[in-house]
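Sequence order for the protein chains is Z and C. Heads up: the first sequence begins at 1 in UniProt numbering, then just goes up one per residue. Heads up: the second sequence begins at 1 in UniProt numbering, then just goes up one per residue.
Don't read these hints as lab results, they were simulated from the structure. Don't take every hint at face value.
Copies of the same chain are indistinguishable here, so a pair counts whether it falls within one copy or spans any two.
As the list claims (entries may be wrong) - Below, in silico cross-link-like pairs of lysine-lysine (BS3-like), each with a Cα-Cα straight-line distance of 30 Å or less: (1) Lys-160 <-> Lys-126; (2) Lys-88 <-> Lys-144; (3) Lys-250 <-> Lys-344; (4) Lys-185 <-> Lys-285; (5) Lys-172 <-> Lys-285.
Bear in mind that the values here come from a model prediction, so they are computed numbers and not experimental data.
Number of protein chains: 2
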Amino acid sequence: MEEKKFSETSRKHYMKGGDGPDSYARNSEYQKQVLISAEDLIHQQIDEHLNIQIPRFDPQNTFRIADFGCSIGPNTFYAVENIISPVKNKYEKSNQNQTPDFQVFFNDLVGNDFNTLFRNLPSNRKYFVAAAPGSFYDHLFPKKSINFAHSSIALQWLSKIPKEVIRRGISKGRIHYLGGEKEVKEAYAAQHEEDFGRFLNARADELVDGGLMALHMVGFADGDAFSLSGIQIEYEILQSCLEDMVELGKITKEKVDSFNLPHYFPSESELKALIEANGSFCIGKIAKLALPARSKLGPKGLTLQIKATLGMLFEEHFGNEVAEEVFKLFLDKLVERPALLDHKYWEHTIYFVFLKRKGVN
Amino acid sequence: MEEKKFSETSRKHYMKGGDGPDSYARNSEYQKQVLISAEDLIHQQIDEHLNIQIPRFDPQNTFRIADFGCSIGPNTFYAVENIISPVKNKYEKSNQNQTPDFQVFFNDLVGNDFNTLFRNLPSNRKYFVAAAPGSFYDHLFPKKSINFAHSSIALQWLSKIPKEVIRRGISKGRIHYLGGEKEVKEAYAAQHEEDFGRFLNARADELVDGGLMALHMVGFADGDAFSLSGIQIEYEILQSCLEDMVELGKITKEKVDSFNLPHYFPSESELKALIEANGSFCIGKIAKLALPARSKLGPKGLTLQIKATLGMLFEEHFGNEVAEEVFKLFLDKLVERPALLDHKYWEHTIYFVFLKRKGVN
Numbered sequence: 001m002e003e004k005k006f007s008e009t010s011r012k013h014y015m016k017g018g019d020g021p022d023s024y025a026r027n028s029e030y031q032k033q034v035l036i037s038a039e040d041l042i043h044q045q046i047d048e049h050l051n052i053q054i055p056r057f058d059p060q061n062t063f064r065i066a067d068f069g070c071s072i073g074p075n076t077f078y079a080v081e082n083i084i085s086p087v088k089n090k091y092e093k094s095n096q097n098q099t100p101d102f103q104v105f106f107n108d109l110v111g112n113d114f115n116t117l118f119r120n121l122p123s124n125r126k127y128f129v130a131a132a133p134g135s136f137y138d139h140l141f142p143k144k145s146i147n148f149a150h151s152s153i154a155l156q157w158l159s160k161i162p163k164e165v166i167r168r169g170i171s172k173g174r175i176h177y178l179g180g181e182k183e184v185k186e187a188y189a190a191q192h193e194e195d196f197g198r199f200l201n202a203r204a205d206e207l208v209d210g211g212l213m214a215l216h217m218v219g220f221a222d223g224d225a226f227s228l229s230g231i232q233i234e235y236e237i238l239q240s241c242l243e244d245m246v247e248l249g250k251i252t253k254e255k256v257d258s259f260n261l262p263h264y265f266p267s268e269s270e271l272k273a274l275i276e277a278n279g280s281f282c283i284g285k286i287a288k289l290a291l292p293a294r295s296k297l298g299p300k301g302l303t304l305q306i307k308a309t310l311g312m313l314f315e316e317h318f319g320n321e322v323a324e325e326v327f328k329l330f331l332d333k334l335v336e337r338p339a340l341l342d343h344k345y346w347e348h349t350i351y352f353v354f355l356k357r358k359g360v361n
Numbered sequence: 001m002e003e004k005k006f007s008e009t010s011r012k013h014y015m016k017g018g019d020g021p022d023s024y025a026r027n028s029e030y031q032k033q034v035l036i037s038a039e040d041l042i043h044q045q046i047d048e049h050l051n052i053q054i055p056r057f058d059p060q061n062t063f064r065i066a067d068f069g070c071s072i073g074p075n076t077f078y079a080v081e082n083i084i085s086p087v088k089n090k091y092e093k094s095n096q097n098q099t100p101d102f103q104v105f106f107n108d109l110v111g112n113d114f115n116t117l118f119r120n121l122p123s124n125r126k127y128f129v130a131a132a133p134g135s136f137y138d139h140l141f142p143k144k145s146i147n148f149a150h151s152s153i154a155l156q157w158l159s160k161i162p163k164e165v166i167r168r169g170i171s172k173g174r175i176h177y178l179g180g181e182k183e184v185k186e187a188y189a190a191q192h193e194e195d196f197g198r199f200l201n202a203r204a205d206e207l208v209d210g211g212l213m214a215l216h217m218v219g220f221a222d223g224d225a226f227s228l229s230g231i232q233i234e235y236e237i238l239q240s241c242l243e244d245m246v247e248l249g250k251i252t253k254e255k256v257d258s259f260n261l262p263h264y265f266p267s268e269s270e271l272k273a274l275i276e277a278n279g280s281f282c283i284g285k286i287a288k289l290a291l292p293a294r295s296k297l298g299p300k301g302l303t304l305q306i307k308a309t310l311g312m313l314f315e316e317h318f319g320n321e322v323a324e325e326v327f328k329l330f331l332d333k334l335v336e337r338p339a340l341l342d343h344k345y346w347e348h349t350i351y352f353v354f355l356k357r358k359g360v361n
């Protein structure tokens with residue numbers, strides 16, 4: 001094994017730990033809705049694509065599942081149950097009720113709050129638990145050791161801000177590529193191409209032949225990449241809060257200029273092209289998930305949800321106090337202008353992507 | 001897989017987390033000396049007993065190592081390197097320099113500070129990392145999935161205080177069986193028999209046929225179980241500190257009466273009998289390790305070491321403030337009576353136990 005495999009990526013960000021009122025654990029209902037809306041698709045795809053003859057069934061086999069970007073729960077436990085149940089069904093139907101042992105690997109960055117994840121493990125779980133810390137853009141598991149890879153609402157996090165954006169300062173005055181200059185978008189797209197390619201390469205090595213992968217990815221409907229969208233309105237409001245903080249003299253304009261959100265949202269055709277270019281996977285399905293409008297969370301719920309996922313980024317760059325104020329301003333703006341809560345502003349496109357590892361069998 | 005496998009034992013205790021001056025991470029030099037003194041033995045035993053023909057070498061094989069009771073580092077990383085190096089050597093000699101991928105599972109109780117463990121992972125490691133939280137008296141891994149099991153200075157922790165001791169109050173006035181009534185010692189021995197039996201059963205299921213296990217266990221030289229020993233003096237002083245606290249009116253006598261240390265130290269003949277009764281392992285070696293005298297740590301070093309490993313037990317039962325005062329009194333006693341530092345009081349017997357899983361091959 002080569003040492004370079006363990007180079008950590010530069011991203012250090014993670015969800016808000018613990019289980020306090022601000023925590024990701026308490027503010028991730030929307031992410032759970034994504035899992036719920038993908039439930040039927042995952043059952044159906046597993047039933048169609050899981051090849052339980054490879055390898056030939058041996059009661060000593062272990063079925064290994066990895067959730068990439070698991071955060072601290074409880075959604076990851078729900079996701080895992082949602083995989084084990086149809087896999088078990090298929091084994092039971094085909095093998096006189098014999099099923100393998102299940103071992104689940106929970107993956108997230110080294111800085112993720114694994115202590116909280118472990119404390120919250122369901123006591124009635126029927127799988128062996130392990131955690132694998134590290135960036136999912138690197139190799140995390142031995143070759144051909146994973147049967148099912150899963151990742152929900154995590155791959156929009158790039159490994160880093162594109163170098164071009166920082167070096168040339170082309171994103172000054174904006175915290176994201178959405179609605180910005182074309183060259184900024186291109187730099188983000190190039191970073192995503194590199195990162196998603198690394199993700200696919202690592203998983204291709206780690207999955208057994210015929211192994212399966214289900215991804216829920218935040219994206220754009222094709223041809224819609226520059227339109228006003230739920231994500232863009234969220235970022236525009238956050239940006240205006242930062243501008244308010246500059247006006248109030250609490251942070252400098254330069255501090256805002258050097259802040260960029262490390263997120264990218266691909267279109268369906270981009271995703272397909274990247275998966276095909278990688279070449280290790282057959283596409284079982286790419287579908288848009290039907291989701292409840294986020295706007296139903298109301299001003300406070302929306303703010304808590306966004307703070308639980310983006311708050312740590314703001315804290316790291318601006319410090320805790322400024323981050324707190326930014327999200328207070330964010331909430332104020334939503335309360336003052338109820339029109340902002342129009343559901344059309346808060347729609348995401350979430351792609352359900354189901355892949356099967358090609359192999360000799 | 002049966003649900004009961006996941007019943008957690010009642011023990012909740014673990015080493016002092018974080019990496020502050022009181023932490024286990026900074027006060028475990030003695031435990032590292034144990035690993036160092038076992039180094040040659042482990043290399044020699046691996047070379048003698050590792051069967052690399054089973055299964056036939058396949059570069060896609062993974063060699064899985066689990067360290068039971070890993071705490072938060074850094075000793076566990078040292079222990080793991082000390083296993084990988086001779087395993088790799090043997091593979092290289094026999095397979096034209098081909099070696100498998102290594103995957104290491106770090107195990108400790110759910111309450112262990114895994115966040116700190118992950119932050120301290122060596123950046124130049126050449127193995128895949130996973131953590132498996134839970135009591136090592138339960139099943140933690142799928143059947144036949146581990147090649148090498150390791151545990152250093154952890155198996156003296158019983159899963160709980162023997163029921164008899166609590167129910168009948170036979171240990172009143174003492175915090176441990178050492179130097180106490182015969183029936184207390186017998187209750188502790190029975191609990192150890194049950195616990196160590198569970199440990200061996202779980203590992204027997206989890207290890208591959210021919211899989212190896214190296215244990216470092218604190219014990220007594222045969223026939224010496226009731227003599228004054230390093231551990232006994234440590235506990236006697238701790239007990240006298242608690243008595244001082246009662247005198248000072250800071251805790252009640254009843255509070256001390258209900259406090260018992262959940263530790264047991266078997267003799268070599270007890271260990272052999274339990275391993276043979278289990279029947280799943282061949283004994284490769286049982287040897288006493290040569291160790292530097294703990295007394296060299298001096299009063300402060302000794303106190304910090306003992307506090308890092310036992311402090312959480314005292315905190316849980318008496319609260320933080322009382323625990324702090326107890327260890328201050330402990331230090332005072334060592335400083336006031338330098339004779340207590342005589343090295344004969346601080347000798348431990350540590351057994352090196354090397355086992356091989358029996359199997360069809």
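Inset, instruction - Sort out which numbered hints this structure fails and list those numbers smallest first. - result: Hint check: 3 and 5 fail, others pass.
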